[in-house]
Structures are given as C-alpha cells and as structure tokens.
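Kindly produce the complete structure, drawing on both the sequences and the hints.
Residue 36 in the working numbering sits at position 36 of the sequence shown, with consecutive numbering throughout.
Incorrect hints may have been included.
When the alpha-carbon atoms are kept at most 25 Å apart in a straight line, the in silico SDA-like pairs for lysine to any residue are as follows [claimed, not checked]:
| no. | residue 1 | residue 2 |
| --- | --- | --- |
| 1 | Lys129 | Asn116 |
| 2 | Lys129 | Glu102 |
| 3 | Lys129 | Ala95 |
| 4 | Lys129 | Thr145 |
| 5 | Lys129 | Asn140 |
| 6 | Lys129 | Gly58 |
| 7 | Lys129 | Asp110 |
| 8 | Lys129 | Phe112 |
| 9 | Lys129 | Phe78 |
| 10 | Lys129 | Met143 |
| 11 | Lys129 | Thr100 |
| 12 | Lys129 | Asp147 |
| 13 | Lys129 | Asp101 |
| 14 | Lys129 | His104 |
| 15 | Lys129 | Tyr141 |
| 16 | Lys129 | Leu113 |
| 17 | Lys129 | Asp115 |
| 18 | Lys129 | Arg107 |
These are computed hints drawn from the structure, not numbers from a lab.
Since we're looking at a predicted model, the values are computed, not measured.
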Amino acid sequence: MELIDAMCSNSTARSVVEYTLTSCFRRTYTALHKAIDACQWKKGQLAKLLAELIGIGGDQYLVLWEEWLNTDSYSDTFNGVCGILVDDEGNILRAATLITDEHHLHRGDDAFLLDNRAAWMTGNRVEQKLYIHLVDAFLNYEMVTLD
Numbered sequence: 001m002e003l004i005d006a007m008c009s010n011s012t013a014r015s016v017v018e019y020t021l022t023s024c025f026r027r028t029y030t031a032l033h034k035a036i037d038a039c040q041w042k043k044g045q046l047a048k049l050l051a052e053l054i055g056i057g058g059d060q061y062l063v064l065w066e067e068w069l070n071t072d073s074y075s076d077t078f079n080g081v082c083g084i085l086v087d088d089e090g091n092i093l094r095a096a097t098l099i100t101d102e103h104h105l106h107r108g109d110d111a112f113l114l115d116n117r118a119a120w121m122t123g124n125r126v127e128q129k130l131y132i133h134l135v136d137a138f139l140n141y142e143m144v145t146l147d
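Okay, structure coming up:
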C-alpha cells in the first residue's frame, strides 16, 4: 500500500498516477479516497495517514489506517488504528471508528483477508509471540496471540 501512503501525503500525485492504474484498481483507489475524504479530519491535527484497503467480498471494503496527531514537536503522537466500511464506489456503509489505540498496523506487510475479516500481523521479539489482529465488517476488533 505504499502507493496509497504516497497519495495521502502528496495531493498532486493523485491525478498523475491515477491514469496509469488499471480500471479495476482505479475504482477501488477512488473508493478509498472518497471514504478517507468523508472523514471529519480536524485541520492541522493529522500528521500522517497510513491506509490499507482490504476487500471482504460482496463489493465491500474495509479501509484501515493509522492516525498520527501533529504535536508541533519532534515526534508525532500515535492516535490509533481506525476503520471504515465502504462499498466499491466509496459509499460509507459503516462510519469511521477507532479500532484500537494500543496496536499499530504493520508497515512492512499489507493487511490481508482472513476468515472474512481484515487481518494484519505483529510480533514481539522479546516475548517471542505473534499477534493476529482481526476486524470484521461491523468494525469489531479482536487480537489473537500465537505462542
């Protein structure tokens, strides 16, 4: 999703790159931006937006993103992982909500579909554990620990 990350931080790239995308991806890409634009961002507070788009079937997509708040200091503050459910045209089916403020989306790997839910994995090297984070179409969150 590096492409989406770049689009969110560079508004001029949006129109240049969109023409090179396949029509199928362009449609979901447009739906993603429509969903993100529909959220009521507080101007000047959002520092970063790292988004993931996961198709869950039936022309429905979960959009997950990390919100980082601008603190006007050296480091921004992690606000949490948020989510919204949209259709393939970007119409909101479930309003944006905070999913978790304790766990990040993994930046090295994309989120994926698992058991009709969006999922991503994280790990803890010290505890030697893996975690699967799951979000369903109702924006319910569950974390499963793998020992």
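Hints, one by one, checked against the model:
1. A C-alpha spacing of about 24 Å is found between lysine 129 and asparagine 116, which places the hinted pair at or below 25 Å, so the restraint holds.
2. For the suggested pair lysine 129 and glutamate 102, the alpha carbons sit about 16 Å apart, so the restraint of at most 25 Å is met.
3. Restraint check for lysine 129 and alanine 95: not satisfied, since their Cα atoms lie roughly 32 Å apart, outside the 25 Å limit.
4. The straight-line distance between the Cα atoms of lysine 129 and threonine 145 is roughly 7 Å, inside the 25 Å bound, and the hint therefore holds.
5. Annotation: proposed proximity of lysine 129 to asparagine 140 holds, straight-line Cα distance about 23 Å (limit 25 Å).
6. For the hint pairing lysine 129 with glycine 58, the CA-to-CA distance comes to about 34 Å; that exceeds 25 Å, so the pair is violated.
7. As the CA atoms of lysine 129 and aspartate 110 are separated by approximately 19 Å, the hinted pair is consistent with the 25 Å bound.
8. Straight-line distance between C-alpha atoms of lysine 129 and phenylalanine 112 comes to about 19 Å, which keeps the hinted pair within the 25 Å bound.
9. Simply put, lysine 129 and phenylalanine 78 have alpha-carbon atoms about 23 Å apart, close enough for the 25 Å limit, and the pair holds.
10. The hinted pair formed by lysine 129 and methionine 143 meets the criterion: a straight-line CA distance of about 12 Å does not exceed 25 Å.
11. Distance check on the hinted pair: lysine 129 and threonine 100 sit about 19 Å apart at the alpha-carbon level, within 25 Å; holds.
12. For the hint linking lysine 129 to aspartate 147, the alpha-carbon distance of about 5 Å falls within 25 Å, and the restraint holds.
13. Restraint check for lysine 129 and aspartate 101: satisfied, since their Cα atoms lie roughly 20 Å apart, inside the 25 Å limit.
14. About 16 Å separates the Cα atoms of lysine 129 and histidine 104, which keeps this hinted pair within 25 Å; it holds.
15. The straight-line distance between the Cα atoms of lysine 129 and tyrosine 141 is roughly 19 Å, inside the 25 Å bound, and the hint therefore holds.
16. The straight-line distance between the Cα atoms of lysine 129 and leucine 113 is roughly 21 Å, inside the 25 Å bound, and the hint therefore holds.
17. Restraint check for lysine 129 and aspartate 115: the C-alpha separation of about 21 Å stays at or below 25 Å, so the hint holds.
18. Our distance criterion of 25 Å between C-alpha atoms is met by lysine 129 and arginine 107, whose separation comes to about 18 Å.
In summary, the numbered hints that this structure violates are 3 and 6.
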